[in-house]
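Undergrad: Given the structure of chain A, go ahead and fit chain B onto it with the hints provided.
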Amino acid sequence: MSVIPEASGSAYAGGHDTQRAAPRQSLQRLLDSFLLVAALVVVWQLVYWKSEVAITGPIETVKTAIELLSSDIFWGHALASGRAFGLSLIMSSVGGVAIGLALGAHRFSGAVAAPILTALYTIPKVTLYPMVLLIFGLGISAKVAFGVMHGIIPVVIFTMDAVRNMNPVLIKTARVFKLSPTETAFKILIPAVLPEIVTGLRVGFSLTLLGVVIGEMFASQQGLGFMIINGMNVHNVRSLTAVVLLLVLFAVTSGTLLLAIERRMQHTQR
Amino acid sequence: MKRVTLVRLCVIAGSVLAVEALCRFGVISRLTLLPPSEMAAYLVRLLVSGEINQAMLQTFSNVAIAFVLAIVLGFVVGAVIHAIPRLRRACDQFLASYYSIPIFVFYPLFVSLLGLNRWPLIMIGFLFAITAMVIATLNGLDRVPPVLLKLARVHRMSRSAEALRIVLPATGPYLFTGVKLALAYSFIGILAGEFILSGGGLGYAIAYAYDAFDNRTMYALMLFVLVVVTAINSALFIWEQRLLQRRGRG
Numbered sequence: 711m712s713v714i715p716e717a718s719g720s721a722y723a724g725g726h727d728t729q730r731a732a733p734r735q736s737l738q739r740l741l742d743s744f745l746l747v748a749a750l751v752v753v754w755q756l757v758y759w760k761s762e763v764a765i766t767g768p769i770e771t772v773k774t775a776i777e778l779l780s781s782d783i784f785w786g787h788a789l790a791s792g793r794a795f796g797l798s799l800i801m802s803s804v805g806g807v808a809i810g811l812a813l814g815a816h817r818f819s820g821a822v823a824a825p826i827l828t829a830l831y832t833i834p835k836v837t838l839y840p841m842v843l844l845i846f847g848l849g850i851s852a853k854v855a856f857g858v859m860h861g862i863i864p865v866v867i868f869t870m871d872a873v874r875n876m877n878p879v880l881i882k883t884a885r886v887f888k889l890s891p892t893e894t895a896f897k898i899l900i901p902a903v904l905p906e907i908v909t910g911l912r913v914g915f916s917l918t919l920l921g922v923v924i925g926e927m928f929a930s931q932q933g934l935g936f937m938i939i940n941g942m943n944v945h946n947v948r949s950l951t952a953v954v955l956l957l958v959l960f961a962v963t964s965g966t967l968l969l970a971i972e973r974r975m976q977h978t979q980r
Numbered sequence: 004m005k006r007v008t009l010v011r012l013c014v015i016a017g018s019v020l021a022v023e024a025l026c027r028f029g030v031i032s033r034l035t036l037l038p039p040s041e042m043a044a045y046l047v048r049l050l051v052s053g054e055i056n057q058a059m060l061q062t063f064s065n066v067a068i069a070f071v072l073a074i075v076l077g078f079v080v081g082a083v084i085h086a087i088p089r090l091r092r093a094c095d096q097f098l099a100s101y102y103s104i105p106i107f108v109f110y111p112l113f114v115s116l117l118g119l120n121r122w123p124l125i126m127i128g129f130l131f132a133i134t135a136m137v138i139a140t141l142n143g144l145d146r147v148p149p150v151l152l153k154l155a156r157v158h159r160m161s162r163s164a165e166a167l168r169i170v171l172p173a174t175g176p177y178l179f180t181g182v183k184l185a186l187a188y189s190f191i192g193i194l195a196g197e198f199i200l201s202g203g204g205l206g207y208a209i210a211y212a213y214d215a216f217d218n219r220t221m222y223a224l225m226l227f228v229l230v231v232v233t234a235i236n237s238a239l240f241i242w243e244q245r246l247l248q249r250r251g252r253g
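So the protein lines, in turn, are chains A and B. Take 711 as the starting number for the first sequence in my numbering and just add one per residue. Take 4 as the starting number for the second sequence in my numbering and just add one per residue.
Don't take every hint at face value.
Covered by chain B, according to a simulated footprint, are these stretches of chain A (three or more residues, beta-carbon under 8 Å) [stated by the list, open to error]:
hint, stretch
1, 738-748
2, 760-766
3, 833-840
4, 904-918
5, 921-935
6, 957-966
It should be emphasised that the hints constitute simulated quantities derived from the structure, not laboratory data. For every residue, glycine included, the Cβ atom is placed at its ideal position computed from N, Cα and C.
Bound conformation, chain A alone:
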């Protein structure tokens, strides 16, 4: 049983959800997603009518978002966030997979580390942000570090669990062929646990994004998180809502894409 809830996306990849769905079924699925989005937009509109001071309506927000997308100021902030996010994501992925493979392959270390990792996963890391700021200083490195703190742990946990639950014959094969640790990692372990690595990367992706944005919301002068917190402080509701919309769209699109990749992999593997 996984300690990480977001993982469950993969859990029901099999089951009743067959891959070669008839065209009509996939059409229905598209319709259902559309209906859900429509329902969310209706809720949004209702909330807007209830409190016009704190949020802008859907149509106005989309207009503002389009304006933002053609403004230099927005792209300056978006690039700042993008750079921090990209760096954190690379570090969480590469570092997470490497640590996960090592801990998974060495059973005893894995057993020692597992509860520690779970504990690290569940602590409220936001409260540690001041420490990160003191260590790394104000600027991009603190944001990157904070993003990595959020993103790396799920990647490690997923990779480690997958290697520990791998068919032992594969590891024995590596030993029979006298493969070096690097060769074992690249030729045996990674191909064998690729679907789980992708699940870990999907969760890591979400949390890295969250970490970077939170980092920007506190003691930062740049980035989308800063735009949001600044919008709150100077009561610029229009830009605030539009930035949130763009951020949510980015998160959901990437999440959907990664989920699709993950499911395709599981189908080809099983």
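TA: Chain B in isolation, oriented as in the chain A frame:
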């Protein structure tokens, strides 16, 4: 004690001691990090003086309310989504990317909807926690062994009897995972909300101490939060292991 546990304790103690040594010998400057022993000593003083009682009460009561709401409603929502497969499929991708949305950004909205009181913050903790519970409920309901459902049919159980006597016990471990995570996420949501946005509670006290360059208070409070959350989580973890063992034997 098992060897794994022993080594684990040594690893943790070793890391704390290493940090302590690095701080004491001045490798890490006092402006950056305080020695853990000093943090602990100052924390004890804070606790005894009662200065942080108000903040503690506020944070813990908010977490408790958010947590209870999240597990009850999360279970109900999960059951409803599971009962409607089409809704379920449409929800998948949103559940998959839910946790990358910084829910704190809705704080001003909640303030304008619910008023400037404790509820906007509880709402943030609740929204953070409920999804974990929904996903855990879905996970559990997906994994009820079909043979048990057949058994219910063989015994001609009523729907309510089937739900109470078959489905609920079978999903138990998954629901427990959900409860555990909901608690962790309530803490994360409330503390983060206090830290970035609100004007009270432990999270705010940490941010305030940071702004005032009061490293002693800041690190003492951080230590406190980490110890409390880790202690609660470990207690739940141990309890869960016991339950699982008993199930295995029964």
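Undergrad: Output the indices of the hints that this structure fails to meet, ascending.
TA: As far as the earlier hints go, not one is violated by this structure.
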